[in-house]
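Enquirer: Whole structure, please, built from the sequences with the hints as guidance.
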Amino acid sequence: MSDLSEKDIEVFIEAVGGYFKKTTQEAASVGVAYLARNAFPMNDFTGMIKVSADYEGALYFSAPSAMLRHLLTVMKETNQSDENLLDAVGEIANTISGNARKYFGENMVISIPEKVAGLPSGFGQQARHYAYVIIIKWKHYSASLIVDISRKR
Amino acid sequence: MKLMIVDDSNIIRNRITRIASNASLKQKLPSIEIVGTAASGIEAHALFLKTRPEIVTMDLTMPEMDGVECTTLLTGIDPQVKILIISALSDKATAIQALMNGAEGFLYKPFTDDELINALLELLEE
Numbered sequence: 001m002s003d004l005s006e007k008d009i010e011v012f013i014e015a016v017g018g019y020f021k022k023t024t025q026e027a028a029s030v031g032v033a034y035l036a037r038n039a040f041p042m043n044d045f046t047g048m049i050k051v052s053a054d055y056e057g058a059l060y061f062s063a064p065s066a067m068l069r070h071l072l073t074v075m076k077e078t079n080q081s082d083e084n085l086l087d088a089v090g091e092i093a094n095t096i097s098g099n100a101r102k103y104f105g106e107n108m109v110i111s112i113p114e115k116v117a118g119l120p121s122g123f124g125q126q127a128r129h130y131a132y133v134i135i136i137k138w139k140h141y142s143a144s145l146i147v148d149i150s151r152k153r
Numbered sequence: 001m002k003l004m005i006v007d008d009s010n011i012i013r014n015r016i017t018r019i020a021s022n023a024s025l026k027q028k029l030p031s032i033e034i035v036g037t038a039a040s041g042i043e044a045h046a047l048f049l050k051t052r053p054e055i056v057t058m059d060l061t062m063p064e065m066d067g068v069e070c071t072t073l074l075t076g077i078d079p080q081v082k083i084l085i086i087s088a089l090s091d092k093a094t095a096i097q098a099l100m101n102g103a104e105g106f107l108y109k110p111f112t113d114d115e116l117i118n119a120l121l122e123l124l125e126e
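Sequence order for the protein chains is A and B. Letter by letter, the first sequence follows residues 1 to 153 of my numbering. Letter by letter, the second sequence follows residues 1 to 126 of my numbering.
Quick caveat, the hints were computed from the structure, so don't treat them as lab data. Cβ atoms here follow ideal geometry from the backbone N, Cα and C, with glycine treated the same way. Just to be clear, a hint being listed does not mean it is correct.
As the list claims (entries may be wrong) - Covered stretches of chain B (chain A as the covering partner; in silico rule of three or more C-beta atoms under 8 Å from a C-beta of chain A):
#1 12 to 19
#2 34 to 44
Claimed, not checked - With a cut-off of at most 27 Å between alpha-carbon atoms, the simulated DSSO-like pairs for lysine-lysine come out as follows:
#3 A:K22 - A:K102
#4 A:K21 - B:K26
#5 B:K82 - A:K102
#6 A:K102 - A:K152
#7 A:K21 - B:K28
#8 B:K28 - B:K2
#9 A:K137 - A:K102
#10 A:K22 - B:K26
#11 A:K115 - A:K21
#12 A:K137 - A:K22
#13 A:K22 - B:K92
#14 B:K26 - A:K76
#15 B:K92 - A:K152
#16 B:K28 - B:K82
#17 A:K152 - A:K76
#18 B:K28 - A:K76
#19 A:K76 - B:K2
#20 A:K7 - A:K76
#21 A:K21 - A:K137
#22 B:K50 - B:K2
#23 A:K50 - B:K92
#24 A:K50 - A:K115
#25 A:K22 - B:K28
#26 B:K92 - A:K21
#27 B:K92 - A:K7
#28 A:K102 - B:K92
#29 A:K22 - A:K50
#30 A:K102 - A:K50
#31 B:K92 - B:K82
#32 A:K137 - A:K115
#33 B:K26 - B:K2
#34 B:K82 - A:K22
#35 A:K76 - A:K137
#36 A:K115 - A:K22
#37 A:K21 - A:K139
#38 A:K21 - A:K152
#39 A:K76 - A:K22
#40 B:K26 - B:K82
Expert: Encoded structure:
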């Protein structure tokens, strides 16, 4: 189970909100984090960042393809291939976890992004029991940020 | 000015290319020629030797060779090259490490078009 505090989780909420505001010039509605067990809201494309050193676990950003295409359009990216949609979820997960290091420090080492299209069996279940889920609403789309990170004991 | 863009994200490479090209056309930046883009430190090294850019935008978290290692390599080849780190890694230690290894500027992701243009202008003024 993630042992992060409310203050810790706020860092991720601010980072994902900041991503949409800076990148699209339009604020996203970022919901309150809740703890989920096993049933994680995964979408068409998911980017995952593993953490190590003083922390363990992973962060997932998962979004529907329509949302990612709209996001790329706002960024003036005309290539909306699946490859670029995968690139987008990886880059968003990377940006959120990288920004979080301002608070957690250099001893939260982050991996390069792993990216998955579709809903491969078991991917959502890689998260351990009880991870934080944050729902992000932008325009009429809904994406999810899953924070399955804890401090090493 | 010859610019090389290094980032493992295709959409970020394209975005920096678009912003820098448009700013150059609108004379918000000095005339810039983008000599190429690279998706890793290893690709960047090969492209650098081939094209000899004067300015480089450099991501930090990349496969094979990270941005700090690549910055050290490129400034070792040409101490005059100006390197702007563009990264989401927001902790102070990372920024200090990059600057100590030869980078001259640091821009945090996510960034707006104007923030990138201003960061490139500051780099060119140094």
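Enquirer: Does the structure break any of the earlier hints, and which numbers would those be?
Expert: 2, 17, 20, 38
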